[in-house]
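J.: If you want the building blocks of each chain, they are given just below.
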Amino acid sequence: MAAATLARRIGRSGVAVMKFKSPPVNSLSLEFLTEFSISLEKLENNRACRGVIITSALPKIFSSGLDITEMCGKSIEHYTEFWRAVQEMWLRLYGSNMVTVAAVNGSSPAGGCLIALSCDYRIMAENPKFSIGLNEAQLGIVAPFWFKDTFVNVVGHRIAERSLQLGSLHPAPEAHKLGLVDELVPEEKLMEKAAAVMAQWLALPDHARQLTKTMMRKAVLDRLVAHREEDIKNFISFVSKESIQKSLRMYMEMLKKKKS
Amino acid sequence: MAAATLARRIGRSGVAVMKFKSPPVNSLSLEFLTEFSISLEKLENNRACRGVIITSALPKIFSSGLDITEMCGKSIEHYTEFWRAVQEMWLRLYGSNMVTVAAVNGSSPAGGCLIALSCDYRIMAENPKFSIGLNEAQLGIVAPFWFKDTFVNVVGHRIAERSLQLGSLHPAPEAHKLGLVDELVPEEKLMEKAAAVMAQWLALPDHARQLTKTMMRKAVLDRLVAHREEDIKNFISFVSKESIQKSLRMYMEMLKKKKS
Amino acid sequence: MAAATLARRIGRSGVAVMKFKSPPVNSLSLEFLTEFSISLEKLENNRACRGVIITSALPKIFSSGLDITEMCGKSIEHYTEFWRAVQEMWLRLYGSNMVTVAAVNGSSPAGGCLIALSCDYRIMAENPKFSIGLNEAQLGIVAPFWFKDTFVNVVGHRIAERSLQLGSLHPAPEAHKLGLVDELVPEEKLMEKAAAVMAQWLALPDHARQLTKTMMRKAVLDRLVAHREEDIKNFISFVSKESIQKSLRMYMEMLKKKKS
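Line order of the protein sequences matches chains A, B and C.
The opening position of the first sequence corresponds to residue 12 in the numbering used here, with each subsequent residue numbered one higher.
The opening position of the second sequence corresponds to residue 12 in the numbering used here, with each subsequent residue numbered one higher.
The opening position of the third sequence corresponds to residue 12 in the numbering used here, with each subsequent residue numbered one higher.
Only chain A is shown next, with the shape it has when bound in the complex (with noise of 0.2 Å):
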């Protein structure tokens, strides 16, 4: 198993950097999501850290989501456990009692977007050639209603509706506008700033900072909660479609196509 993600930890300041370095596209698969969960979960535990910074080590890219061969051709216990690894790697992230910032350093398409919404900040890259967006139209599925939430409560329900519903990429000056990054910083300043900012958020009481974080997330979290079991109903009626399966295929061709 390859290291997926690399977390490394700074002494002094409580703060971890989190790197995702998984060739060629930090694409969120099965092994990925659960090595990504797990290291959250030691990192909530070990009372020495209290924030982490979410970046990734390869060029151009930060993630480029879910990955689309978990989807294709697999078993229904395989499409259970890999959707349950995505709600897990979620309930983590958003629920955490860390500060989490997202270093934007490329390209975040889709569950690529989604990490970078459920931390409590966003910094991006300013070149207008990284986008970032939830595009699940365009590949004829549909995001999942707590994707969808999470986006609302970052950029509001108008925003949102038109951006989901046209599968949006939004180029980095365009998602700073929208309110989809809070920031925008030349790519070489980027950790320098993501420092900053994660200081200036641990400057502030955890249990205060922390209680207030919950107040602001426990509807949208408990609606997966609750929902669990039959959103991974969803999700396998879904994929397990021939018409979907046609589409996802499709779309991996298309890829290969443009990689070669």
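It should be emphasised that the hints constitute simulated quantities derived from the structure, not laboratory data.
Backbone N, C-alpha and C fix where the C-beta goes; we use that ideal spot for every residue, glycine too.
Warning: the hint list may mix true and false statements.
[As the list claims (entries may be wrong)] Under the rule of at most 25 Å between Cα atoms (straight-line distance), these lysine-lysine pairs were calculated in the DSS-like manner:
(1) K229(A) <-> K229(B)
(2) K188(B) <-> K204(C)
(3) K268(C) <-> K140(C)
(4) K229(B) <-> K252(A)
(5) K229(A) <-> K244(C)
(6) K188(B) <-> K188(C)
(7) K252(B) <-> K140(C)
(8) K188(C) <-> K204(A)
(9) K229(C) <-> K229(B)
[Claimed, not checked] Here are some chain C residues pointing at chain B (derived, C-beta under 8 Å):
(10) D131
(11) V165
(12) G167
(13) I170
(14) H187
(15) G190
(16) W212
(17) L215
(18) H218
(19) A219
(20) R220
(21) T223
(22) K224
(23) M226
(24) M227
Go by the hints and put chains B and C onto chain A.
T.: Just chains B and C now, kept in the frame of chain A:
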């Protein structure tokens, strides 16, 4: 029965253009609403039709909103039938599976504004003399909760709270700034722009786009469906009050004087 | 008992001006809150009064928020009475049938900010030295859910989430940019502007405006009403913790040092 609405289908692109043509001001009478709903239903059931552009065939006015004569001095039965037709129109339009684009080529108060708000995208002629808003409070009446819900989904809670309490009619530039309309273009470019926006939305796979739209709008649609009879009763009890009848009569007198 | 709040009615226009006058910083003591609620109740029941402008009679401060001495080293009975008075004030102000305009002529942290947020319109002196915000987290405490609900209704979920977690006090220009206040004017024009805004809101028929306001605010008001006793218990259990008492004492020490 005069043709209040005119539905014309453009064969190849799968886009219908619906032009309101009920002089003098496209007010939403029982007859107009019935014809509008039937037209929407026909287009919805026509597999060749994937989108509809809604605009006005009259100069300077998109729609003046609910026809006040339907609310003055009529029977309970009439009020019931009228209000059910208003609900029906909104349920069809806000819940439409088609891509709906409003090409707002004139002023659009109250119910006219609701029609625009219920579409997927709103383009307005950039004429500051044209205004749009839910101005019910100005007439001494209250926008129904589902008008409000639709409004909040577009502009957010604060802008809706202020605009509804003041019964504001926003000139086009202000409406754009508030997010009430998505885009302003010179009046002569309105239909061209609407067609371009439609093409962008139709580039998405229908099924994914429709499910996404449903996910965004279902909560608000369900709320009226669950309280439909109660909402009719509220309307009747409100409109039957002598004070309200007096307000509406005064408003109609004012409109008549303005006209002459 | 000193006159903490001073209600003066301007006969002809039906507008009351309420000036906070509880030196040194208009902190919301049990006595102040009680007097404030009684004043609001009297105005509410006075048919001649249709609107109230709330401002401060002291320089540089609108209100410093909840009086921390009421939360330090007191009995359970006292905490209960105090918290009920905070709730009562908010229920009256946020649910008022009058038009309420906050003329924020100084800094307005925590409970002071809540008072401004609960009005229909907020005008602030455009002095960057004056700041406003729900900064509870800075003190190691958590804003109650109904402070949060009121805040979200004004600025939306994302801005509220960030501002509450950071316990931000926003300088007037930033507060305006975030939508926390509606307008900035030079301090000497504040009351004139407040009167003009009031006149604009009073031009609407009272009944329609009041029903519209209720429609917008009822869900959030009902939520406290339904959980009022639970909310009091939460406050008591929180404020009774030794760690919280320590935080509050430290904060009071800091304020004393700052002053001397």
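J.: Next, verify each hint and record whether it holds.
T.: Here's how the hints hold up against the structure:
1. K229(A) <-> K229(B): holds (22 Å)
2. K188(B) <-> K204(C): Given that 25 Å is the threshold and the Cα spacing comes to 23 Å, the pair holds.
3. K268(C) <-> K140(C): holds (20 Å)
4. K229(B) <-> K252(A): OK: K229(B) and K252(A) at ~23 Å, within 25 Å.
5. K229(A) <-> K244(C): Satisfied, since the Cα-Cα distance of roughly 20 Å is no more than 25 Å.
6. K188(B) <-> K188(C): Holds: K188(B) and K188(C) sit about 14 Å apart, inside 25 Å.
7. K252(B) <-> K140(C): violated (52 Å)
8. K188(C) <-> K204(A): holds (23 Å)
9. K229(C) <-> K229(B): holds (22 Å)
10. D131: holds (7 Å)
11. V165: Constraint on V165(C) satisfied, holds at 5 Å.
12. G167: G167(C) check passes; min Cβ-Cβ to chain B is 6 Å, inside 8 Å.
13. I170: violated (11 Å)
14. H187: Violated, about 13 Å.
15. G190: It holds, given that the least Cβ distance between G190(C) and chain B is near 6 Å, below 8 Å.
16. W212: holds (7 Å)
17. L215: Since chain B brings a Cβ to about 5 Å from L215(C), closer than 8 Å, the hint holds.
18. H218: holds (7 Å)
19. A219: Holds: closest Cβ of chain B sits about 4 Å from A219(C), inside 8 Å.
20. R220: At 5 Å from the nearest chain B Cβ, R220(C) passes the 8 Å test, so the hint holds.
21. T223: Cβ of T223(C) sits 5 Å from chain B, so the hint holds.
22. K224: This hint holds: K224(C) lies near chain B, its Cβ roughly 6 Å from the closest one there, short of 8 Å.
23. M226: holds (6 Å)
24. M227: With a minimum Cβ separation of about 4 Å from chain B (threshold 8 Å), the hint on M227(C) holds.
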